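Here the protein sequences line up with chains A and B, keeping their order. So in full-length UniProt numbering, spot 166 of the first sequence is number 166, and the numbers just go up one at a time. So in full-length UniProt numbering, spot 367 of the second sequence is number 367, and the numbers just go up one at a time.
Hints may be right or wrong, so weigh each one.
Copies of one chain are not kept apart here, so a pair can be met inside one copy or by any two copies together.
Said to hold, decoys possible - In silico EDC-like cross-links for lysine to aspartate or glutamate, where the CA-CA straight-line distance does not exceed 20 Å:
#1 K181 / D448
#2 K226 / D286
#3 K181 / E449
#4 K235 / D326
#5 K181 / D326
#6 K422 / D242
#7 K230 / D253
#8 K181 / E376
#9 K422 / D15
#10 K23 / D66
#11 K422 / E183
#12 K18 / E45
#13 K23 / D33
#14 K23 / E40
#15 K18 / E311
#16 K422 / D369
#17 K235 / E40
Calculated directly from the structure, the hints in this document are not laboratory data. Because the structure is a prediction, the values reported are computed rather than measured.
Number of protein chains: 2
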Amino acid sequence: MNILYDERIDGALPDTDKDVLIKHLHQHIPGLDLLWREEELKAYECDGLSAYRTTPMLVALPRRLDQVQQLLQICHAQQVPVVARGAGTGLSGGALPLEKGLLLVMARFNNILHIDPAARTARVQPGVRNLAISQAAAPFGLYYAPDPSSQIACSIGGNVAENAGGVHCLKYGLTVHNLLKLEVLTIEGEHLTLGSDALDSPGFDLLALFTGSEGLLGIITEVTVKLLPKPQVAKVLLASFDSVEKAGRAVADIIAVGVIPAGLEMMDNLAICAAEDFIHAGYPMDAEAILLCELDGVEADVHDDCQRVREVMQQAGASDVRLARDEAERVRFWAGRKNAFPAIGRLSPDYYCMDGTIPRRELPGVLRDITRLAAEHGLRVANVFHAGDGNMHPLILFDANQPGELQRAESLGGQILELCVKVGGSITGEHGVGREKINQMCAQFNSDELTLFHSLKSAFDPQGLLNPGKNIPTLHRCAEFGAMHIHAGQLPFPELERF
Amino acid sequence: MNILYDERIDGALPDTDKDVLIKHLHQHIPGLDLLWREEELKAYECDGLSAYRTTPMLVALPRRLDQVQQLLQICHAQQVPVVARGAGTGLSGGALPLEKGLLLVMARFNNILHIDPAARTARVQPGVRNLAISQAAAPFGLYYAPDPSSQIACSIGGNVAENAGGVHCLKYGLTVHNLLKLEVLTIEGEHLTLGSDALDSPGFDLLALFTGSEGLLGIITEVTVKLLPKPQVAKVLLASFDSVEKAGRAVADIIAVGVIPAGLEMMDNLAICAAEDFIHAGYPMDAEAILLCELDGVEADVHDDCQRVREVMQQAGASDVRLARDEAERVRFWAGRKNAFPAIGRLSPDYYCMDGTIPRRELPGVLRDITRLAAEHGLRVANVFHAGDGNMHPLILFDANQPGELQRAESLGGQILELCVKVGGSITGEHGVGREKINQMCAQFNSDELTLFHSLKSAFDPQGLLNPGKNIPTLHRCAEFGAMHIHAGQLPFPELERF
Chain A
1 MNILYDERID GALPDTDKDV LIKHLHQHIP GLDLLWREEE LKAYECDGLS
51 AYRTTPMLVA LPRRLDQVQQ LLQICHAQQV PVVARGAGTG LSGGALPLEK
101 GLLLVMARFN NILHIDPAAR TARVQPGVRN LAISQAAAPF GLYYAPDPSS
151 QIACSIGGNV AENAGGVHCL KYGLTVHNLL KLEVLTIEGE HLTLGSDALD
201 SPGFDLLALF TGSEGLLGII TEVTVKLLPK PQVAKVLLAS FDSVEKAGRA
251 VADIIAVGVI PAGLEMMDNL AICAAEDFIH AGYPMDAEAI LLCELDGVEA
301 DVHDDCQRVR EVMQQAGASD VRLARDEAER VRFWAGRKNA FPAIGRLSPD
351 YYCMDGTIPR RELPGVLRDI TRLAAEHGLR VANVFHAGDG NMHPLILFDA
401 NQPGELQRAE SLGGQILELC VKVGGSITGE HGVGREKINQ MCAQFNSDEL
451 TLFHSLKSAF DPQGLLNPGK NIPTLHRCAE FGAMHIHAGQ LPFPELERF
Chain B
1 MNILYDERID GALPDTDKDV LIKHLHQHIP GLDLLWREEE LKAYECDGLS
51 AYRTTPMLVA LPRRLDQVQQ LLQICHAQQV PVVARGAGTG LSGGALPLEK
101 GLLLVMARFN NILHIDPAAR TARVQPGVRN LAISQAAAPF GLYYAPDPSS
151 QIACSIGGNV AENAGGVHCL KYGLTVHNLL KLEVLTIEGE HLTLGSDALD
201 SPGFDLLALF TGSEGLLGII TEVTVKLLPK PQVAKVLLAS FDSVEKAGRA
251 VADIIAVGVI PAGLEMMDNL AICAAEDFIH AGYPMDAEAI LLCELDGVEA
301 DVHDDCQRVR EVMQQAGASD VRLARDEAER VRFWAGRKNA FPAIGRLSPD
351 YYCMDGTIPR RELPGVLRDI TRLAAEHGLR VANVFHAGDG NMHPLILFDA
401 NQPGELQRAE SLGGQILELC VKVGGSITGE HGVGREKINQ MCAQFNSDEL
451 TLFHSLKSAF DPQGLLNPGK NIPTLHRCAE FGAMHIHAGQ LPFPELERF
């Protein structure tokens, strides 16, 4: 979307003689698969955020650890930027390649190394798919809890890089809460172990620092995750409301009575209708909002919780509350939610999926403000989100072929994220910052905080060779962004003036 | 204990003209309470690790944020090292003062700023006591989960600095898992907000990096913690075993069947007898080991779990399993455990409390090795620990007045911690590294990893003014430690040779 930015980042990078680099890599790393022809590179020009595209200079597909290590050493010596990529399902452009950089694809590291049922851990390579871990753990009655919608395809290395979430993070936490240990390589090819197999690790918490660092600090080569016992029972309640505010209130009330649902999701009318047309999940198309609330645990406990949640929903003004009759209906209720994004994709030539978080109490007010902002921009917005977490996913519908619509969608998206920051939330819940939200980082953090981020980055990667131009904006960039906003008369926060 | 080390750290620091500094602080920070007379300083010469003592140059007791900010700016300008202190209950000497440094006591920042029952959060000043948070939250049916044994006295700022744990961390996590947001000041007096009120925060995870950083990165000025709903019911099972190995196996088996106890604690015979003599908790003095297992949640769930845990304990060879009849007996069972340290203190003039973690499966083997090492050193060791977490607290009994016993106790302690590292664990579970375990950090981390820690420290505090000589050893120190060990013929890990 933001072509200007791509050009500038790449423009600032040193030129590399591509042929010399290829020769060098072939010579020193026998058996390393490299792609460099235009038609081969095409498949790697974007990740899940397809609006941003760049053709990489070179793609490497190593199979062995020593290949990755040597490749990093060579790129470090020759000052070639390296962008890591897992399955390429990320939604913020974190794996967007660089014209003057090497794209390091870790997809072939796809072995499950060890499942330890007693310790309840799985040690896996970074290219292993999220769902494959749960499948491998299933014979032991265990599973890996974080479940992004892309879990069938996304890789655990990418999950760590983006600190991925999912429907069940309300109860079970984000990726960072389900990790024990990482093996990583620095840009210089040094091997580091972060975390340990035990409860805690002394020194600074590098495991948490690395999680969600979006490929800026090093390359993940092995991941040890925690596994959880599969709950005995899971039940889903579907509640219908005649206003999104009432549904928002019900969310706060459910949490307030002390129930912790496994998942608590909200959809508004546009999302409900799109999903129902597409999946026939059994959603009430006349409802202004629905809540899906999953409760899991032992039988008696789940039964009690269902009763309590039903009462709270009714008191909050639900016009109807249905318990999924059986497992088939439960799966159907979730299928509607999990396919909501493609369903909305059928309504509009393009859509732009946002990912902001807000304190739960701000839900009704923020939903109202989004409706107002959407009307001002002349665009439709569908809301589908992890309501229990306060993790919103407004989907902005637009048509890139209509002059000005793309710009209006970008402007609306930016304003929604800044609204999240204003009420005490953040510009990303689970999709990461990547390339997409680099401007909004200037609204989220002040210049002292950004300077600190750059110092930390330098501790791992002094030359800035790992994934430059993602996650952490330069102060210069924030100054430009701030100035732009003032110029357009839309400055959201007076603090921006200081840049 | 290690006087040599204190001298060296202080020796390397620049001399400050104390009178000039006092005058400067008084002049620029009206109303700031300063202590500088020998007799006033006495109370601050150690924290909970009383074997290490140093008289600070100066103690400051600010009441307001602007005083802390100005004090830091002055110390930064004059290159005076600053050691922060909360309630001074830490067990690893993290708040041990420096002869040439200022001790910054944050105890007067003891206001609870806001309890938000809907968001289930508490915003407090750093000097607020751990238990005071739960007391303030109680009217809303909420509490703060991490519960170090010192919870009646220790402050939340210190809990964050050491990433404190407690009996209930098995189910509810360490301090880092129960935090939302920190307000901190850097050594330059810059204000930073780490984390947010919402689910996740973009950029690097500075909240986790800061937690457990032991005062090396900045001064905590405000803490927002998560609160949890109080469980409906809590029950405790007390199981007796005729060997510690059987008790160790029961721990692994309980976790393996998928129950997550609120607490799962083990005590060996020496600890059982000491506690029983002191508290009359009703423990079986003929047992080689006991397990205390607390289960909490809703009534029906807890009832089912008690049944399952009882069966697992019996199958693992428990000779007796008793359910606390009523709340009074439950409290008595815990009182024995919570007072085990002072109880053991009655057996011996001195004791040295270790704090290592190991993977749960290694419990039986490590307990055997500790018994062997203790015999080799001619010392007694009592074991009291968070078994479910694999977080061990071997207590080494000794008499500092007997020539050589202190050195033997230190040597045994070091070897136990190195044993923890060898089986894949770590040298601290919840007490921190501080001054006490700085040598063992050389066994835990390699020189690349330590270099990285120093780079991260520099990003926050380039001059190294905050709590120098704690947590992260210099490479030079590790070289000396390694050499020392080779000389004594006790080199535990060949990797140490590389220093």
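Verification of the supplied hints:
no.: 1; hint: K181 / D448; in the structure: between (30 Å within a copy, 17 Å between copies)
no.: 2; hint: K226 / D286; in the structure: neither (42 Å within a copy, 37 Å between copies)
no.: 3; hint: K181 / E449; in the structure: between (27 Å within a copy, 14 Å between copies)
no.: 4; hint: K235 / D326; in the structure: within (9 Å within a copy, 33 Å between copies)
no.: 5; hint: K181 / D326; in the structure: neither (38 Å within a copy, 41 Å between copies)
no.: 6; hint: K422 / D242; in the structure: neither (28 Å within a copy, 61 Å between copies)
no.: 7; hint: K230 / D253; in the structure: between (27 Å within a copy, 16 Å between copies)
no.: 8; hint: K181 / E376; in the structure: neither (47 Å within a copy, 34 Å between copies)
no.: 9; hint: K422 / D15; in the structure: neither (41 Å within a copy, 47 Å between copies)
no.: 10; hint: K23 / D66; in the structure: within (18 Å within a copy, 60 Å between copies)
no.: 11; hint: K422 / E183; in the structure: between (37 Å within a copy, 17 Å between copies)
no.: 12; hint: K18 / E45; in the structure: within (17 Å within a copy, 63 Å between copies)
no.: 13; hint: K23 / D33; in the structure: within (12 Å within a copy, 68 Å between copies)
no.: 14; hint: K23 / E40; in the structure: within (18 Å within a copy, 71 Å between copies)
no.: 15; hint: K18 / E311; in the structure: neither (66 Å within a copy, 66 Å between copies)
no.: 16; hint: K422 / D369; in the structure: within (12 Å within a copy, 56 Å between copies)
no.: 17; hint: K235 / E40; in the structure: neither (46 Å within a copy, 63 Å between copies)
In the structure shown, a violation is registered for the earlier hints numbered 2, 5, 6, 8, 9, 15 and 17, in ascending order.
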